[in-house]
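From first to last, the protein sequence lines are chains A, B and C. Converting from the first sequence to the working numbering requires adding 18 to each position, the first position being numbered 1. Converting from the second sequence to the working numbering requires adding 107 to each position, the first position being numbered 1. Converting from the third sequence to the working numbering requires adding 194 to each position, the first position being numbered 1.
Derived from the structure by calculation, the hints contain no laboratory data. Take the hints with a grain of salt, since some may be wrong.
In silico BS3-like cross-links for lysine-lysine, where the CA-CA straight-line distance does not exceed 30 Å [unchecked claim]:
hint, chain 1, residue 1, chain 2, residue 2
1, C, 322, C, 275
2, B, 369, C, 275
3, A, 83, C, 199
4, B, 274, B, 330
5, A, 28, B, 144
6, B, 330, B, 272
7, C, 275, B, 272
8, B, 144, C, 322
9, C, 322, B, 204
10, B, 274, B, 325
11, A, 28, B, 325
12, B, 272, C, 322
13, A, 83, B, 187
14, C, 328, B, 144
15, A, 83, B, 144
16, B, 144, B, 274
17, B, 204, C, 275
18, B, 204, C, 328
19, B, 382, C, 275
20, B, 382, B, 325
21, B, 274, C, 275
22, B, 330, B, 382
23, C, 199, B, 144
24, A, 83, C, 322
25, B, 606, B, 272
26, C, 275, B, 322
27, B, 355, C, 275
28, B, 547, B, 417
29, B, 437, B, 274
30, B, 355, A, 28
31, B, 272, B, 325
32, B, 322, B, 369
33, B, 272, A, 83
34, C, 275, A, 83
35, A, 83, B, 330
36, C, 275, B, 144
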Amino acid sequence: MTSPLQQKLKITGPVVVTANRLRDGAVIYRATDGRWTTDLASASVATSEPAARELLAAALADRLKVVDPYVAPVRLTDEQHVLPGNLREQIRSRGPTVALPGENAI
Amino acid sequence: MYVYDDFDRTLVAERVREFRDQVDRRLSGELTEDEFKPLRLMNGVYLQLHAYMLRIAIPYGTLSSEQLRTLAHVARRYDKNYGHFTTRQNIQFNWIKLEELPDAMADLARAGLHGMQTSGNCVRNITTDQWAGVAPDEIEDARIWAELLRQHLTLHPEFSFLPRKFKIALTASAHDRAAVKVHDIGLRMHTNGAGETGFEVMVGGGLGRTPFIAKTIKPFLPKRDLLSYVEAILRTYNQYGRRDNIYKARIKILVHELGAEKFAREVEEEWQSIKDGALALDASAVNDIAARFRYPDYDELLDGPPELGKALAEDKRFRAWVDNSVANHKVAGRAIVTLSLKPVGGPPGDATAEQMDAIADLADRYSYGEIRVGHEQNLVLPHVAQRDLPALWRALDAIGVATPNVSLISDIIACPGLDYCSLANARSIPVAEEITRRFKDLDLARSLGRLHINISGCINACGHHHVGHIGILGVEKNGEEYYQVTIGGRAGEDAELGKLLGPAVPYATSPTWSRI
Amino acid sequence: MLLVKAGRVVEDRFLRVLDDAPVPDGVPAIVPAARLLADARDLALRAAPTGVIWPNDRRIAELAPYLDWLALVALVFPTFKDGRAYSQARLLRERHEFRGELRATGQVLRDQLLFLQRAGFDTFEVTKEADAAKFAEAVQRYSVFYQPTSDGRPSARRARAARGVAPPLVPGTREVVR
Numbered sequence: 019m020t021s022p023l024q025q026k027l028k029i030t031g032p033v034v035v036t037a038n039r040l041r042d043g044a045v046i047y048r049a050t051d052g053r054w055t056t057d058l059a060s061a062s063v064a065t066s067e068p069a070a071r072e073l074l075a076a077a078l079a080d081r082l083k084v085v086d087p088y089v090a091p092v093r094l095t096d097e098q099h100v101l102p103g104n105l106r107e108q109i110r111s112r113g114p115t116v117a118l119p120g121e122n123a124i
Numbered sequence: 108m109y110v111y112d113d114f115d116r117t118l119v120a121e122r123v124r125e126f127r128d129q130v131d132r133r134l135s136g137e138l139t140e141d142e143f144k145p146l147r148l149m150n151g152v153y154l155q156l157h158a159y160m161l162r163i164a165i166p167y168g169t170l171s172s173e174q175l176r177t178l179a180h181v182a183r184r185y186d187k188n189y190g191h192f193t194t195r196q197n198i199q200f201n202w203i204k205l206e207e208l209p210d211a212m213a214d215l216a217r218a219g220l221h222g223m224q225t226s227g228n229c230v231r232n233i234t235t236d237q238w239a240g241v242a243p244d245e246i247e248d249a250r251i252w253a254e255l256l257r258q259h260l261t262l263h264p265e266f267s268f269l270p271r272k273f274k275i276a277l278t279a280s281a282h283d284r285a286a287v288k289v290h291d292i293g294l295r296m297h298t299n300g301a302g303e304t305g306f307e308v309m310v311g312g313g314l315g316r317t318p319f320i321a322k323t324i325k326p327f328l329p330k331r332d333l334l335s336y337v338e339a340i341l342r343t344y345n346q347y348g349r350r351d352n353i354y355k356a357r358i359k360i361l362v363h364e365l366g367a368e369k370f371a372r373e374v375e376e377e378w379q380s381i382k383d384g385a386l387a388l389d390a391s392a393v394n395d396i397a398a399r400f401r402y403p404d405y406d407e408l409l410d411g412p413p414e415l416g417k418a419l420a421e422d423k424r425f426r427a428w429v430d431n432s433v434a435n436h437k438v439a440g441r442a443i444v445t446l447s448l449k450p451v452g453g454p455p456g457d458a459t460a461e462q463m464d465a466i467a468d469l470a471d472r473y474s475y476g477e478i479r480v481g482h483e484q485n486l487v488l489p490h491v492a493q494r495d496l497p498a499l500w501r502a503l504d505a506i507g508v509a510t511p512n513v514s515l516i517s518d519i520i521a522c523p524g525l526d527y528c529s530l531a532n533a534r535s536i537p538v539a540e541e542i543t544r545r546f547k548d549l550d551l552a553r554s555l556g557r558l559h560i561n562i563s564g565c566i567n568a569c570g571h572h573h574v575g576h577i578g579i580l581g582v583e584k585n586g587e588e589y590y591q592v593t594i595g596g597r598a599g600e601d602a603e604l605g606k607l608l609g610p611a612v613p614y615a616t617s618p619t620w621s622r623i
Numbered sequence: 195m196l197l198v199k200a201g202r203v204v205e206d207r208f209l210r211v212l213d214d215a216p217v218p219d220g221v222p223a224i225v226p227a228a229r230l231l232a233d234a235r236d237l238a239l240r241a242a243p244t245g246v247i248w249p250n251d252r253r254i255a256e257l258a259p260y261l262d263w264l265a266l267v268a269l270v271f272p273t274f275k276d277g278r279a280y281s282q283a284r285l286l287r288e289r290h291e292f293r294g295e296l297r298a299t300g301q302v303l304r305d306q307l308l309f310l311q312r313a314g315f316d317t318f319e320v321t322k323e324a325d326a327a328k329f330a331e332a333v334q335r336y337s338v339f340y341q342p343t344s345d346g347r348p349s350a351r352r353a354r355a356a357r358g359v360a361p362p363l364v365p366g367t368r369e370v371v372r
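Generate the whole structure from the sequences, applying the supplied hints.
And the structure:
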């Protein structure tokens, strides 16, 4: 999972724009109303390069709230639910794939 | 251990105030991310996959119990109740909020803790042997020299914007437990033919994309010249290190491209001009620092007390633990105890806030309030009386830090990997956990003997995979996680880089590894 | 960009002559390195002060022969992250004992001002006006400095020696005298 920030914008499927929230580093997604959400399911999905560029440009303009927005792949289920498009995005969306220390009894 | 005086404390407090101002200016938009990023990195603040990560310096791996309790407090108050000890003797918190960082740093500062220079293109935490001061085979306590260097290189106006990060390590034993040969500057204390103690100075070691073993440029440097010589190396690097390509910016590349001899001559020329100046270390300069090192006033004890013998005879589990995790101490009647932070099926190198508090209490009771952090991501209680070992073991066992797997196959050194780190290509923690599960049978682990597995989730090699007996490097192939395996690496005085063993294997075939 | 000298925003009395145009008489002027090296003899004879912009990838040793008559050396930070000019500044002040104006140019931001001053710079082409206004505050952020430099601030070592008081003993430990 090479850092997406170094990738050229190449849309081969549905994408969202994601970033980290400046004040607490939380993973956020650009939503349809121009706001940001921590819930991938509510993210605005772009399916063409122009749409993705527009979404990214709007995100980049929001310098006060977000850090390093970029375009990330997603998968759409048959019911058009939005799921992460690769392992890195899955981990960003759902957290580490391992239990945090103390979560399993010693 | 070193005790801060009010100069040291004031500096840290001033740093906290400065950082608070910088955070405010970032949150208000006065500073762009581009302007802020190097500033936050110089305070050990990374932006990772899920949140900010704060890396706190534990200078040469030495902590007081008060400091460990403060780390537990930070874990509870600002994070998710645990911390991760790193391969450079630091601790990382993975869930920190930027807006809370100044408060967290103020809390840390009260215990003399900080994140200064744990990241960024400056001199990072100076590391040494986690047994410094108590190791039977050391010439002297290297930490005094580490502290002299640490102070000199903290907020150094000339060296805060180097071409790239800079890592220094010291050892004072023939058996190098600090991996000095894979550091930008490695310093090996030794005695010359005339009976004087000084430093072998090695430069240009490092792992990552282009790993190198360090080259000796000064076989014997007198103690007096330590600061001025390091200054000359840094000045040479600051001026001539490459700045055009971040993958070629470490000093190891400069040493490689110039050749060690030419590099040594450049340093020597610069050094000749400064060696007799303000940086020359006379006795008063050394005493200034050494005077603030406190050593325990040990009760006089004998080796092999009856309590110990009895417990060894009666309890097989206790015996297994002593055989594995307890090492000889330079002082009779004492022992060096390693606390394994590598539980079966758990993430390597982590401790919960509860464990930290408990260990701090045990340190007060059994180790004169002192704890060490090793680059193998385990903890050490350095001042334990042998007669206290049975009671200590029961307490450590109860909090899950007495797995007798130190230096065995399940004592894995791993970076956080793709579960946390934005630089990673693949995960490392689940790989480590799976290996520990497969080798949880201690008889099997013991029969394999001393074996270091190092796992890195990307080429940056924070898991030091190049110098593992078995090294595992996570890479990405077609969006999938794959792992390259190397063997034959060594980290100590006979440092060597591992050799690649066949093509990379995908994550799903992790069972294959148990056959190695 | 504002020029800060002695803690205050000032007018720049130096004229930058960056091309081959003749350097006007009677006017303090700054020329690039190549011009200095080519016209050193003539420039040295000027009555008005002369300065040079020295790039951060050339050795100070090359500049050394001209330091006894140069009034100003401007060093360059192409980005604030490129720290080569800090070494150049220290060499100028501490090795070559340059006493003229040492000016920081390029990307010069608030959070580097104290480092710059410690390294020997005494004038600053501060990139942002807001930072220029906060100069005094920026260079007073710290009162403790571990390293001796040419800026005159005592190092912690000297301050401790001046104090001469031994730190208090922690109970249960003994002081080791080496």
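Here is what the structure says about each hint:
1. 322/C with 275/C: Status holds; Cα separation ~16 Å.
2. 369/B with 275/C: Roughly 27 Å separates the two Cα atoms, so the pair holds.
3. 83/A with 199/C: Measuring from Cα to Cα gives roughly 36 Å; hence the hint is violated.
4. 274/B with 330/B: Holds. Residue 274/B to residue 330/B sits at ~20 Å (cutoff 30 Å).
5. 28/A with 144/B: At roughly 27 Å apart (the allowed maximum being 30 Å), residue 144/B and residue 28/A satisfy the hint.
6. 330/B with 272/B: 25 Å, holds
7. 275/C with 272/B: With a Cα-Cα distance of about 12 Å, the restraint between residue 275/C and residue 272/B holds, given a limit of 30 Å.
8. 144/B with 322/C: 18 Å, holds
9. 322/C with 204/B: 28 Å, holds
10. 274/B with 325/B: 18 Å, holds
11. 28/A with 325/B: 52 Å, violated
12. 272/B with 322/C: This hinted pair holds, its Cα atoms lying about 28 Å apart.
13. 83/A with 187/B: 23 Å, holds
14. 328/C with 144/B: 21 Å, holds
15. 83/A with 144/B: Holds, because 15 Å separates the two Cα atoms, which is no more than 30 Å.
16. 144/B with 274/B: Given pair residue 144/B, residue 274/B holds - Cα atoms ~20 Å apart, limit 30 Å.
17. 204/B with 275/C: Holds. Residue 204/B to residue 275/C sits at ~25 Å (cutoff 30 Å).
18. 204/B with 328/C: Status holds; Cα separation ~28 Å.
19. 382/B with 275/C: At roughly 28 Å apart (the allowed maximum being 30 Å), residue 275/C and residue 382/B satisfy the hint.
20. 382/B with 325/B: 14 Å, holds
21. 274/B with 275/C: Answer holds: residue 274/B to residue 275/C is near 18 Å, not above 30 Å.
22. 330/B with 382/B: 12 Å, holds
23. 199/C with 144/B: The given pair, whose Cα atoms are some 28 Å apart, holds under the 30 Å limit.
24. 83/A with 322/C: 22 Å, holds
25. 606/B with 272/B: Holds, because 26 Å separates the two Cα atoms, which is no more than 30 Å.
26. 275/C with 322/B: Holds, at about 28 Å.
27. 355/B with 275/C: Within the cut-off at roughly 16 Å; holds.
28. 547/B with 417/B: 27 Å, holds
29. 437/B with 274/B: Given pair residue 437/B, residue 274/B holds - Cα atoms ~28 Å apart, limit 30 Å.
30. 355/B with 28/A: Cα-Cα ~28 Å, so holds.
31. 272/B with 325/B: 22 Å, holds
32. 322/B with 369/B: At roughly 12 Å apart (the allowed maximum being 30 Å), residue 369/B and residue 322/B satisfy the hint.
33. 272/B with 83/A: 29 Å, holds
34. 275/C with 83/A: Holds, because 24 Å separates the two Cα atoms, which is no more than 30 Å.
35. 83/A with 330/B: Violated - the C-alpha atoms of residue 330/B and residue 83/A are around 51 Å apart, more than 30 Å.
36. 275/C with 144/B: 11 Å, holds
Of the numbered hints stated above, those contradicted by the structure are hints 3, 11 and 35, listed in ascending order.
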